[in-house]
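Colleague: Dock chain B against chain A, hints included.
Spelled out from the first residue to the last, the chains are:
2 protein chains.
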Amino acid sequence: MAVAPRTIRVDVGHARYPIDVGPGLLGDAQRLAERIPGKDLLILSNTTVAPLYLARLGAALPGRRIAECVLPDGERHKTLATAAIVFDALVENRMNRDATLIALGGGVIGDLGGFAAACYQRGIACVQVPTTLLAQVDSSVGGKTGVNHPGGKNLIGAFHQPAAVIADTDTLASLPDRELRAGIAEIIKYGCIADAALFDWLERQMPRLLGRDPEALVHAITRSCEIKAGVVGRDERESGLRAILNFGHTFGHAIEAATAYERYLHGEAVAIGMRLAAELSARIGLLAAGVPARITALLAAAGLPVEAPRVGAGRAMSLMRMDKKVLAGAVRVVLLRSLGAAEVTADYPGKDLEELLAEHFG
Amino acid sequence: MAVAPRTIRVDVGHARYPIDVGPGLLGDAQRLAERIPGKDLLILSNTTVAPLYLARLGAALPGRRIAECVLPDGERHKTLATAAIVFDALVENRMNRDATLIALGGGVIGDLGGFAAACYQRGIACVQVPTTLLAQVDSSVGGKTGVNHPGGKNLIGAFHQPAAVIADTDTLASLPDRELRAGIAEIIKYGCIADAALFDWLERQMPRLLGRDPEALVHAITRSCEIKAGVVGRDERESGLRAILNFGHTFGHAIEAATAYERYLHGEAVAIGMRLAAELSARIGLLAAGVPARITALLAAAGLPVEAPRVGAGRAMSLMRMDKKVLAGAVRVVLLRSLGAAEVTADYPGKDLEELLAEHFG
Chain A
1 MAVAPRTIRV DVGHARYPID VGPGLLGDAQ RLAERIPGKD LLILSNTTVA
51 PLYLARLGAA LPGRRIAECV LPDGERHKTL ATAAIVFDAL VENRMNRDAT
101 LIALGGGVIG DLGGFAAACY QRGIACVQVP TTLLAQVDSS VGGKTGVNHP
151 GGKNLIGAFH QPAAVIADTD TLASLPDREL RAGIAEIIKY GCIADAALFD
201 WLERQMPRLL GRDPEALVHA ITRSCEIKAG VVGRDERESG LRAILNFGHT
251 FGHAIEAATA YERYLHGEAV AIGMRLAAEL SARIGLLAAG VPARITALLA
301 AAGLPVEAPR VGAGRAMSLM RMDKKVLAGA VRVVLLRSLG AAEVTADYPG
351 KDLEELLAEH FG
Chain B
363 MAVAPRTIRV DVGHARYPID VGPGLLGDAQ RLAERIPGKD LLILSNTTVA
413 PLYLARLGAA LPGRRIAECV LPDGERHKTL ATAAIVFDAL VENRMNRDAT
463 LIALGGGVIG DLGGFAAACY QRGIACVQVP TTLLAQVDSS VGGKTGVNHP
513 GGKNLIGAFH QPAAVIADTD TLASLPDREL RAGIAEIIKY GCIADAALFD
563 WLERQMPRLL GRDPEALVHA ITRSCEIKAG VVGRDERESG LRAILNFGHT
613 FGHAIEAATA YERYLHGEAV AIGMRLAAEL SARIGLLAAG VPARITALLA
663 AAGLPVEAPR VGAGRAMSLM RMDKKVLAGA VRVVLLRSLG AAEVTADYPG
713 KDLEELLAEH FG
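Keeping their order, the protein sequence lines are chains A and B. Note that this note's numbering numbers the first sequence so that position 306 is 306, with each residue one more than the last. Just add 362 to wherever you are in the second sequence, counting from 1, and you've got this note's numbering.
For reference, chain A alone in the conformation it holds in the complex (with noise of 0.2 Å):
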């Protein structure tokens, strides 16, 4: 039976869109043709994605002017100097005000076709077509776009909500497993944050959401999106809320940083650092004792690193510091207060943290 396809429908007050989630998309040229606006089209994507998708996507659009951008793949590539290199695209083909971009790839693509989508001729279209499924259920929804600075990810960007997201689930056949199961840590942290029952569906459905079951996936990345937009939607720019998706994201970017992006994917690291913030969050009393438990059980059923690397409590400390901008006080983590309900607090004992980072990070 074939799955059918579903839409979400995001608010943020200045900007509606639909994001669309199921089989099949990327040929559906009906769906695409109201979903896509403009005559003049520039498609960006990279050189892993292109020769498998680019060809698909442009044969189901009909009488647009389609212009190619085609990427280096690599977060290496996230930079200035890289859209730079989109904007003189964008002129070359003539691209004018009303002409749309459509990013056709992963998170990398996403953040860099949004942002000079952001700020050529101060705001064109942009669609985003995420090809990976840490883009489908994360970055391509929400309006957050940028580059990275060698001072750090993502400092130059700006908020441009996109026009539509169309996350083809047929992609992710080509997803190497590895970055398919970086992606489930992200749905695991939307149960987390908000939605117990979606964790419970995690736990009982995990080997066919690994095993790629095309109904599994449009479930998942569905109720994620869901989840996401109404964050976003309640709050755009992050003046509270929406630091709840931050969930396991302080651990996280220092095992990154200590591990010079190197050893661990995104959500490899998030996945370790949510069973961290879980296990702070049970530590201080905030969160019943068996939940961690449970969360590192399912990070591990979905074959993710739940152990932090033995980097030093010290080191640590000061990259989470360091990434939070905070240089004297208690660092604002996101916590647990049940699985499902989350908060943003800089309100617990400083001694706790210590310990929790002794232990993990030796």
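Careful: at least some of the hints might be erroneous.
The calculated DSS-like cross-link candidates involving lysine-lysine, where the alpha carbons are at most 25 Å apart (straight line), are [stated by the list, open to error]:
#1 A:Lys78 with A:Lys153
#2 A:Lys39 with B:Lys515
#3 B:Lys686 with A:Lys39
#4 B:Lys401 with A:Lys153
#5 B:Lys440 with A:Lys78
#6 B:Lys515 with B:Lys440
#7 B:Lys401 with A:Lys324
#8 A:Lys324 with A:Lys351
#9 B:Lys515 with B:Lys686
#10 A:Lys153 with A:Lys324
Keep in mind that the hints were calculated from the coordinates and are not lab data.
Modeller: Quick look at chain B alone, frame taken from chain A:
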């Protein structure tokens, strides 16, 4: 008698900010304390303006951590590569999300600094401290920021409203006469499109304005900012009304491009453009026959050029089409119905434009 500063309040819905106009503002520590948020400040300026005013401004900001970034002077430095230098300065000086960028200079510094502030950490506060008449009456107000691309001016940018605009009229003392007159061109524009009383006042008071009389300057700048703020408040992103601010600019851009951006200052090209737009308005019967001569006389009284360069009517037409990205049909221009009332239209006989261009461009 000392001239008192005046304050205009801008309201674009999602952002509100004050514009202060008057003498002595750069040394007014109390006002600066109210207007400039943040403990950490990066003052962006250029090699012409910094030696004159940076120390005065810094001395009036006690208790802040102040870093400086001084760029070479000139429009050719308004590029993405120069924006990258500003990002580097923000990172190197450890500026975080609640830091403020102060743009101390003319239009290039204001546009570039505004753009850098818009993108750094997805948006930090920017205070505009314009030191040229053109920047005080035009570019510092309204939130349009950006840099040039070889393919066109301001092709890369953002809408980013400033936290405050501080227009110290004392800084105009160091402005070359030619730049003063180029700024007056934009003030005449506001009279033409929105305020017959301002136009009348300019006809009477032009000698005082050219003599840099403080009271006259404060009046002309304040009224100009009020008009621009009123237009921008109703149409931030130029969906309609804001386009009337481009009176004279479609002709002016063609004149600048035809002379390789070397022969005329922007305001000078706009002066010629306003004369032509007024003559087209009268030629098609929209504007009373005597008005173009009044506008031409006022521009001449300000020492501005009013004769178009003889670059050829065909060249002028193709550059106007390119500026407006119109391949076929009529070019949209801003025309006058009367002094103080403008409209944007492509609904006029093409033959009238052709004849006008033939007369003036040869």
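Colleague: Against the structure, test the hints numbered earlier, and report the numbers of the ones violated in rising order.
Modeller: Nothing - there is no hint that the structure violates, so all of them hold.
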